[in-house]
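Student: Given next are the chains, with one letter for each unit.
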Amino acid sequence: MPNAPQLMFIGAILFALGVTGFVTRRNLIIMFLCTEVMFQGILLNLVGMGLLRGNLQGQVLGLFVLVVAAVEAGLGLAIVVLLYRRRGTLDAEKWKLMRG
Amino acid sequence: MTAAQWTYLTYAILALGAAGLFFALPRAGRTNRAAARLFAAISAGGVLVVLAVALGCGSGKGSSPAFYVLTMVALAAAVRVITHRKPVYSALYFILVVIATAGLAIMAGAQFLGVALVIVYAGAILVTYVFVIMLAQQSPEPGEAYATTDYDDNAREPGTAVLAGFVLVAALTGPVVGGRWPVVTSHPSPVSNSAAVGWELLTRYAVAVEAAGVLLMIAMIGALAIARKHVPTDLLPPRSPELPPGEVGRHVKPF
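Protein sequence lines, in the order shown, are assigned to chains A and B. Position one of the first sequence corresponds to residue 126 (our numbering), numbered consecutively onward. Position one of the second sequence corresponds to residue 11 (our numbering), numbered consecutively onward.
Please keep in mind that the hints were generated in silico from the structure rather than gathered at the bench. Think of the CB as a built atom: it goes at the ideal place given N, C-alpha and C, for glycine as much as any other residue. Treat the hints loosely; a few may be bogus.
Unchecked claim - Not everything, but these chain A residues come out facing chain B in the computed CB check (under 7 Å):
(1) I135
(2) V148
(3) Q165
(4) V172
(5) Q184
(6) A198
(7) L202
(8) D216
Claimed, not checked - Taking lysine-lysine and the BS3-like style, the derived pairs with C-alpha atoms no more than 30 Å apart in a straight line are:
(9) B:K239 / A:K219
(10) A:K219 / B:K96
(11) A:K221 / B:K239
(12) B:K239 / B:K96
(13) B:K96 / A:K221
My request is simple: use the sequences and hints to build the entire structure.
Tutor: Put into structure tokens, the structure is as follows:
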């Protein structure tokens, strides 16, 4: 059975991988996939901290994180579809006018 | 080894992994695969050592081999999600990440959360992703192989991004490796994990469950409202010639 620091270690690496992918990839869909990788890291962290506390609060919070992930995926992909229909490309660089 | 030495060893291992990630990210349409694999293999071995030796002694007995296999599958698949140049493959590797994470959660005693992960992520969210990928990808001409796009072949500032990721992961893992953790003895619960989580959800967190339901419904309506917005096709900029960067978007009238 894995213990709490092991799960938190893996979760931290998954989260950092997601952040790296989010800032460096230019495909809008892959950027959103990277946020989902971050959610996986957060879930592992919650399970690990729940082990430390010895109750179910971590797992219950993990279920609510799952709900938020589903909401984010639905809204995010709707926006991606809209952006794709306006520009005809998934390139995030095409939407950098606000970047200054 | 002391905790501080383990911390610095972890930093070194993660720096090697970051170097491997830098070589694996697509730049100018190609990747340095040999260097990426070398650094990734060294870093993966180091991560296993840290997990087994520095962090593994808290539970009293060693973790099972399945734990290390699932860890390696999760991390390797996550690397492929962010480095693969074809979005469909990224989505498929993400399913591997989800399944490995669910396995880890189940091993840690969170059976309900693990099964919910597989059902919600691999079953529902991933289908939506693949749907959007299919919707938004130009199919190749008949007889032609699928060509990756320019924006999938060129990552944006991979060096800086990998450096930022390394600083983040070092800040997150340093306290985990260097800290002292209490030894948790798990006492078996009289009821199953699903029953206990269900009881907790529907008694103490009943209001939160209702709020989550309302949130899901609001998101569904919002997604419908966003995606149904009418975009006249004559507003689309011409595909070619490509506009210079400063001009992109200037010729599209707002809704």
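Student: Hint by hint, say whether it matches the structure.
Tutor: Comparing the hints with the structure gives:
1. I135: 6 Å, holds
2. V148: 5 Å, holds
3. Q165: 5 Å, holds
4. V172: Holds, because the Cβ-Cβ distance from V172 of chain A to chain B comes to roughly 5 Å (cut-off 7 Å).
5. Q184: Check passed: Cβ of Q184 of chain A comes within 5 Å of chain B, closer than 7 Å.
6. A198: OK, holds: A198 of chain A within 7 Å of chain B, min 5 Å.
7. L202: 5 Å, holds
8. D216: 4 Å, holds
9. B:K239 / A:K219: Holds, at roughly 20 Å.
10. A:K219 / B:K96: Status holds; Cα separation ~19 Å.
11. A:K221 / B:K239: 22 Å, holds
12. B:K239 / B:K96: 28 Å, holds
13. B:K96 / A:K221: Status holds; Cα separation ~23 Å.
Hint compliance for this structure: no hint is broken.
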